[in-house]
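These protein sequence lines are chains U and A, in that order.
Residues in the first sequence are numbered from 1 upward in steps of one, following the working numbering.
Residues in the second sequence are numbered from 1001 upward in steps of one, following the working numbering.
Hints were generated in silico from the structure; no laboratory data involved.
Here a beta-carbon is modelled for each residue, glycine too, at the ideal position from N, C-alpha and C.
Don't take each hint at face value.
[To be verified] Label pairs and their in silico Cβ distance ranges:
#1 U:Glu-45 / A:Met-1019: 39 to 49 angstroms
#2 A:Tyr-1095 / U:Lys-58: 20 to 30 angstroms
#3 U:Gly-79 / A:Gly-1016: 47 to 57 angstroms
#4 U:Thr-65 / A:Gly-1051: 30 to 40 angstroms
#5 A:Tyr-1095 / U:Lys-42: 18 to 28 angstroms
#6 A:Ala-1052 / U:Ser-95: 14 to 24 angstroms
[Stated by the list, open to error] Sample of chain U residues lacking proximity to chain A, with all beta carbon distances greater than 12 angstroms (derived):
#7 Ser-18
#8 Gly-79
#9 Thr-87
Here is what each chain is made of, one letter per residue.
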Amino acid sequence: ILNVEQSPQSLHVQEGDSTNFTCSFPSSNFYALHWYRWETAKSPEALFVMTLNGDEKKKGRISATLNTKEGYSYLYIKGSQPEDSATYLCAFLRSNTGKLIFGQGTTLQVKP
Amino acid sequence: NAGVTQTPKFRILKIGQSMTLQCTQDMNHNYMYWYRQDPGMGLKLIYYSVGAGITDKGEVPNGYNVSRSTTEDFPLRLELAAPSQTSVYFCASSYWGQGADNSPLHFGNGTRLTVT
């Protein structure tokens, strides 16, 4: 059984706050770690795919880091805006199996 | 570019009925997936396929069947619908191969299924 855990489950912040969430995954047989943004009534959209220990990715105000040896990834949002309100999902790929397992997500609400 | 197309968008089934959720992609992706959305649990993997003729079970395969006879199509079959299968189902695809191992998933728009 692959356990992919995300914390916190939900988060409420004020506009302008910076925030971060955690994705924990098995540290053995790592192949890739994905981050997705999922707005209500829409389909998930890819943010980052990370494959190397120490990887850092950035897209606008959103960035992510990866530590494969200890099995965690952080997603950071700088200066949160109401349009950042969504559920953020991480997904773990072990070895080169194709089996991509999602965490339960972190739901972010940004209040204007 | 159509991307990943799922049909139908909505369906109501009675307990014990069967149906097939259709999924097709036009991006020549080799990997295809079926996920279901469980409240508070994110996305659970039902089945996946790494290429035509190859399928494998995910986390929650019971009550479902799949086939992958072509690269483009990956239908999901429910044989005896149960209330526990009420969910939103997402099909997704990606390309994995030499030099392209970091491809993300492309999702369809989902099928909302209610079993009563």
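Hint by hint, work out which the structure violates, then give me just those numbers in ascending order.
1 and 9
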